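What follows is the residue order along each chain.
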Amino acid sequence: MLSRIADSLYWMSRYLERAGNTARLVEINLIHLLEAEDALPEAAQWRPLLSISGSEEAYKKRYDGGEVTARRTIQFMTRERQNANSIRSSLRLARENARVVRDRISNEMWEAINDMWLRIDRLLEGSAPAERSPAIYAEVLNGVARFHGISVSTMMRGEAYGFYLLGTCVERADMTARILDVKYHLLLPDLSMVGSPLDYYQWAALLKSLSGFEAYRRHYHAGLRPVDIAEFVIFEGNFPRSVRFSVEHMRHALQEIGTDGAERTGAAMVALEAHLHETSADTVLSVGLHEYLEAFLTKVAAFNGAVSREYFEHYLGEER
Amino acid sequence: MLPSLGETSGADRMPYHEFYLDDFEPRDHYRPLWEHIRKTGQSALGSKVHEAHLALRSEGVTFTVYSEEQEGIERVWPFDLIPRIIPANEWVPIEAGLKQRVRALNLFLKDIYHQQQCIKDGVLPAELVFKGKHFLREIMDIDPPQGIYTHISGIDLVRDGPGRYLVLEDNLRTPSGVSYMIENRIVERHILPEFFARYRVRRVEHYPALLLEALRHLSPRGKDHAEVVLLTPGIYNSAYFEHTFLAKEMGIELVEGRDLVVKNDVVYMKTTHGLRRVDVLYRRVDDAFLDPLTFRPDSALGVAGIINAWRAGSVALVNAPGNGIADDKAIYPFVPDIIRYYLSERPILENVPTYLMTRPDEQALVLDNMERMVVKEVSESGGYGMLMGPSSTPALRAEFVTRIKANPRNYIAQPVVPLSRHVCYLDGELESRHIDLRPFVIYGEDIQVVPGGLTRVALTKGSLVVNSSQGGGSKDTWVLAE
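These protein sequence lines are chains L and Z, in that order. Using our numbering, read the first sequence as starting at -16 and increasing by one per residue. Using our numbering, read the second sequence as starting at 9 and increasing by one per residue.
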């Protein structure tokens, strides 16, 4: 397929996944903070969200080095046009990319993403209260879920589907690793605290922001232990939002796409799989979770770069 | 010899009403529809209007109006739900006339870009051709595949006072509107199936299939190895919806200039698995922007070297570059002669009476009667660069007089043809508005016409300007089966 189209399919999916993940993050944080027994200062409650998306610099620029407040952060992550990673920006870009590939996706897929964008843009156009209400995040999550449901059931399997799947999984793997990294270290500032009495609600919130709380509970009967949570989020192959699951589906996506001549992509894929292979949460935690996740994120970035180089950027007559 | 203005009767100046026979009665073919509307009541139509708007918006059936802001204004396609109905017997001569006209214009183009025999035989003045803005010297002596230039034509028709169909204008470059023709049918069927129940309406949705067949017919590698693509200027083009629509309906790749590259006079697409050869390019990019090596060097929309590839015969371009000379408004008055010259047949469809400003007696006649004329600049399209005599100011008319005298070759004039009127459902009321018709003609292995076409409506009360970029709307068009 056309390189330009593949590029847009990939990014449509990434932006959509980003919007959904961000919506879930903000929503869970909002709900979680409704009953704040721990008297954490506002900045401490909301800064992690900025860290996860790497938006701290952008936030500082937007608010002139000012303090982190709930209202501002929510606004910044939900509707801020100047924030390329806000829900609104992500949805807008997803829809712009979808428009480029309109002839590649089914009519229903286009209608789903277009309707969602129009509805949410209008909701966000209203005054501030919109983003304080969980309803808007539910809208986003429903819209994204609906889009995926329609895609999986109407999109022809093949190369286009491959890029759609690839974008979704790359973003998901990336986001999941970031969320775990930031929140885990928020909750466990000191490794010596592993295994100590912990804040049930904070851990539950982490799992909920990955849509994994109920699945986790059914899978692990020993309560919320950090090592189990790390194991679940990174290595549990049957949990659809785990890092392992995402990486496995990146492999499937590449199979749909075809990797003839795409050597760098192939190597980057192998590197990601190796990162997860033959290791476990125990090992990772003793070596250093942050280092492990950071290394993973670097490999994801390398993978993204390889895909761009070998599938999207086309050099005249050059063999791959 | 053109009739002088004095011969135009009062009846000729009254617009033909397509729907109503007189104040009380509809025309026969509208009677079933009219009875149905009366029975269900006008207010019931109100919710249908809303339904139609939702359907169109959600489908993304839009067009973009050029504006000064960064983001072009995307408007939902304005659709009127009262269909325009053409009885079978009315359609027969229209179809025959369209085919005849396109056949003749194609022969004209072939001649103009080769021996130019029609000029040598005095059919039309040489200077009109050679001074034509759209006559492209670069096209001379190129042999397009199958000898076809006018693969896709949109011939605009209007009806005069007595109801005769006349050709208002030929569009042989990148005529648009066929996607709206089809979407109008889809929406009409969706919201008012009960209308259809009372008629036998001929289908239109096979247009993309017909077109694809015609395109594949042109492939230099033969029909069975035809890689057909549609070249679009991109998402900011006002007709982008149509580009995506057609590419999707035909199942072909939608490309932009930057997706293509010419190597050794062969055109290729840049794909995720390397370069893939292109055989037929349906291009919706204007001639001037098509090839920076041959035409405008500043164009980012085209493909460097594509004309060389076309000249070498390795790719088919649809429509052929250079067609603009045949739909040039200065050539338009000669088309009936062109039909006679190439086909030795009487034109089945006639032109709207037209005066050339290069002819002194005609210029004098027009300058004396500016308030009854439509004056058109030969090189503009989309309804701009035009004087509507009856609704203009003395100052504007004086300005056009100056322009005409300064550059007579650039202007033609026509007595105002009162476009026919039809009934529209606007703001809860049934009101009359002016309409025209753009049927689409495909020239492939043979010449085919899809029954009907796009009926455009001048939504502003009293206006005769139907172009969507200036606030026009449209109707579903029904040609009845016998």
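Rather than coming from a laboratory, the hints here were simulated on the basis of the structure. Bear in mind the structure is a predicted one, so any value in this text is a computation, not a measurement. Any given hint could turn out to be false.
On the chain Z side, residues computed to face chain L include the following (Cβ under 8 Å) [to be verified]:
no., residue
1, S55
2, E59
3, A63
4, L64
5, S66
6, E67
7, G68
8, T70
9, L262
10, N272
11, D273
12, M277
13, K278
14, T279
15, R285
Pair by pair, the computed Cβ-Cβ distance ranges are [what the hints assert, rightly or not]:
no., chain 1, residue 1, chain 2, residue 2, range
16, L, E91, Z, A134, 51 to 61 Å
17, Z, G470, L, D47, 28 to 38 Å
18, L, H204, Z, T70, 26 to 36 Å
19, L, G109, Z, G436, 53 to 63 Å
From the three backbone atoms N, C-alpha and C, an ideal C-beta is built for every residue, glycine too.
Which numbered conditions among the earlier hints are violated in the structure presented, ordered from lowest to highest?
Going through the list in order, the structure violates hints 1, 2, 3, 4, 8, 10, 11, 15, 17, 18, 19 and respects the others.
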